[in-house]
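Residue-level listing of the chains:
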Amino acid sequence: MRLSTPARLTLRTIAIAYLAVLVVLPIATVLTKALGPGLASFWASITTPAAISALNLTLLILAIVVPLNVILGTVAALALVRGRFRGKAVIQTLLDLPFAVSPVVVGVALISLWGASGWFGALAGAGVKIVFAVPGMVLATAFVTVPFVVRELEPVLRELGDDQEQAAATLGATPWQTFWRITLPSIRWGLLYGTLLTISRGLGEYGAVLLVSSNLPGVSQTLTLLVHHRYVDAANAYGAYTAATLLMGLSLVTLLATALLERSRRTA
Amino acid sequence: MTATLTRRPDAAANVAAASGRPGAGGRPGLAVGVVVLWLGVVVALPLAALTVASFGEGVGGFVRAATSPGAVAALRTTLLLSAAVAILNAVVGAVIAWVLARDEFPGKRIVDALIDLPFALPTIVTSIVLLSLFGPSSPIGVRLNATPLGVAVALAFVTLPFVVRSVQPVLAELDREAEEAAASLGASNLVTFKTVIWPAIRPAVLGGAALAFARSVGEFGSVALIGGNLPGRTQVASQYIAQRIEIGDPAGAAAVSVTLLAIAALVLVAIRYVTRDRRVTTVASPDRSDSDALTGSRVRLADVNGVSPSAPGLKSGSRDSGGVG
Numbered sequence: 000m001r002l003s004t005p006a007r008l009t010l011r012t013i014a015i016a017y018l019a020v021l022v023v024l025p026i027a028t029v030l031t032k033a034l035g036p037g038l039a040s041f042w043a044s045i046t047t048p049a050a051i052s053a054l055n056l057t058l059l060i061l062a063i064v065v066p067l068n069v070i071l072g073t074v075a076a077l078a079l080v081r082g083r084f085r086g087k088a089v090i091q092t093l094l095d096l097p098f099a100v101s102p103v104v105v106g107v108a109l110i111s112l113w114g115a116s117g118w119f120g121a122l123a124g125a126g127v128k129i130v131f132a133v134p135g136m137v138l139a140t141a142f143v144t145v146p147f148v149v150r151e152l153e154p155v156l157r158e159l160g161d162d163q164e165q166a167a168a169t170l171g172a173t174p175w176q177t178f179w180r181i182t183l184p185s186i187r188w189g190l191l192y193g194t195l196l197t198i199s200r201g202l203g204e205y206g207a208v209l210l211v212s213s214n215l216p217g218v219s220q221t222l223t224l225l226v227h228h229r230y231v232d233a234a235n236a237y238g239a240y241t242a243a244t245l246l247m248g249l250s251l252v253t254l255l256a257t258a259l260l261e262r263s264r265r266t267a
Numbered sequence: 000m001t002a003t004l005t006r007r008p009d010a011a012a013n014v015a016a017a018s019g020r021p022g023a024g025g026r027p028g029l030a031v032g033v034v035v036l037w038l039g040v041v042v043a044l045p046l047a048a049l050t051v052a053s054f055g056e057g058v059g060g061f062v063r064a065a066t067s068p069g070a071v072a073a074l075r076t077t078l079l080l081s082a083a084v085a086i087l088n089a090v091v092g093a094v095i096a097w098v099l100a101r102d103e104f105p106g107k108r109i110v111d112a113l114i115d116l117p118f119a120l121p122t123i124v125t126s127i128v129l130l131s132l133f134g135p136s137s138p139i140g141v142r143l144n145a146t147p148l149g150v151a152v153a154l155a156f157v158t159l160p161f162v163v164r165s166v167q168p169v170l171a172e173l174d175r176e177a178e179e180a181a182a183s184l185g186a187s188n189l190v191t192f193k194t195v196i197w198p199a200i201r202p203a204v205l206g207g208a209a210l211a212f213a214r215s216v217g218e219f220g221s222v223a224l225i226g227g228n229l230p231g232r233t234q235v236a237s238q239y240i241a242q243r244i245e246i247g248d249p250a251g252a253a254a255v256s257v258t259l260l261a262i263a264a265l266v267l268v269a270i271r272y273v274t275r276d277r278r279v280t281t282v283a284s285p286d287r288s289d290s291d292a293l294t295g296s297r298v299r300l301a302d303v304n305g306v307s308p309s310a311p312g313l314k315s316g317s318r319d320s321g322g323v324g
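The listed protein sequences correspond, in order, to chains A and B. Counting from 0, one number per residue, gives the positions in the first sequence under numbering that gives the first Met the number 0. Counting from 0, one number per residue, gives the positions in the second sequence under numbering that gives the first Met the number 0.
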């Protein structure tokens, strides 16, 4: 289908204008507002004790969730692709659920399970705080990031086949040796990619974490909660812009890393 | 080889273990057990507790909570705005996909890269970013905060990539001979579009729009600040749920949560039917499996509630997305 020049230019204008109004201008505005008053005041705003505490908590949660979900996600992918056992469909459904569940629903579900009147409410009664504390925030972040590594590794493992693994085992390698020397090197790019997706999603999680946090500045706020707190409770719009810019920077670094990874993988 | 075999008579067992559960130290079932424990504690138990909690006051209690005026108003706002945004992004998304696949102009790569941004940005950042331009201190004097239009803008932002990234690869791979044949037989562009292009991209457009709808229905973060959370006007279902938790009504929150889950599940089932459309294969390329319209694209189920930078090429068509409950 060959469009006339006016028609082509009209479509191009619609596309660019939509993106400009919806994406480019808002991001440009937030950057202007965050960096306009100068780098020194930007820096001061993102290094207040509350902001540093929020960054630390975000990193702490990622430090727990990422290794957990990467290791168990790898085990799950291997079991699903290589293993033969009953109930695979159940596991597949459980792995898809976090994609379909609203973050707020995740929060409510965690409260239903771990809250004072929940199934494991006895724990809260015994003084073990899960929800409205850091463990709940860890569980919330773990929930929403569960599928990424598995879903990245499954197609890679399937394509790889198990010829080399079988050969290694025939030659006397233990399953551990086979995993470290044969399987892991072959899946490393997919694993890294899934890890980056996990970090990216965990970094930005807001709804689920909001519901299960006590949300105290300097104590139990992640970066996303800090943005919310500064805008809503502290009426500190500038602080919200700077914190959002910091968070945006971290996300863009992850996005850039995945793009570079993609390129090196394609040329490799 | 023989020496190895004699030294390690359990090699055959190793084969089974390695092909079965490498990394589990060869103990059969251990890997599966660990996976079940992990998914059970992190995913299954909370959702089971949620479902039970929603029926805490019986079926009557569930129905009362899910059909209370506040819940109905929030669900209505959510569904109407999500549908409107899905339609908007289906149309504009198809236009953008066309421009990216068929047009050439300087800076096209930048436009292409921009499409991925909404998936990469944390939702609360989206809310702040949109507020900075369309909020109370708007530099252009457009104030959309606490209006339904503001909610729609936020939903349009977070769902922008779905249709673009599902239609773009279909258009790029579409066999142009059919289009040229239609044109040489005297078909106008409109006729060519209706008979050749639309049948080919329809599953991708509808599938992308359905994913956008599913994402919108559960959306919270991007709406949180710009929406204003006005009951009956801009409050969406997820905000209503959060409010129920704040005022100490976990049963009500659970009931509306389960309703939201059911809607999401219905949409995802519908997507499977849409992408199973048989007519695609005959018009596009014959060897193209019909479901590839979505799975071969760069949009995945992962993005429905996932902030995930999407990457071209990595997603092989062999991905088994499994079923959603």
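In short, the hints are calculated from the structure, not lab data. Bear in mind that the values here come from a model prediction, so they are computed numbers and not experimental data. We treat Cβ as the ideally placed atom computed from N, Cα and C, and that holds for glycine. Heads up, a few of these hints could be off.
[What the hints assert, rightly or not] Here are some chain A residues the structure puts well away from chain B; computed CB gaps all over 12 Å:
| hint | residue |
| --- | --- |
| 1 | 40 |
| 2 | 42 |
| 3 | 51 |
| 4 | 78 |
| 5 | 126 |
| 6 | 132 |
| 7 | 133 |
| 8 | 215 |
[As the list claims (entries may be wrong)] Every beta carbon over 12 Å from chain A, so not counted as near; a handful from chain B, in silico:
| hint | residue |
| --- | --- |
| 9 | 43 |
| 10 | 55 |
| 11 | 57 |
| 12 | 58 |
| 13 | 68 |
| 14 | 71 |
| 15 | 82 |
| 16 | 83 |
| 17 | 95 |
| 18 | 147 |
| 19 | 172 |
| 20 | 181 |
| 21 | 214 |
| 22 | 236 |
| 23 | 272 |
| 24 | 273 |
[Stated by the list, open to error] Partial pick of chain B residues on the chain A-facing surface, computed with a CB cut under 10 Å:
| hint | residue |
| --- | --- |
| 25 | 50 |
| 26 | 67 |
| 27 | 114 |
*Hint check, failures only*: Failing hints, ascending: 4, 9, 10, 17, 20, 21, 22, 26.
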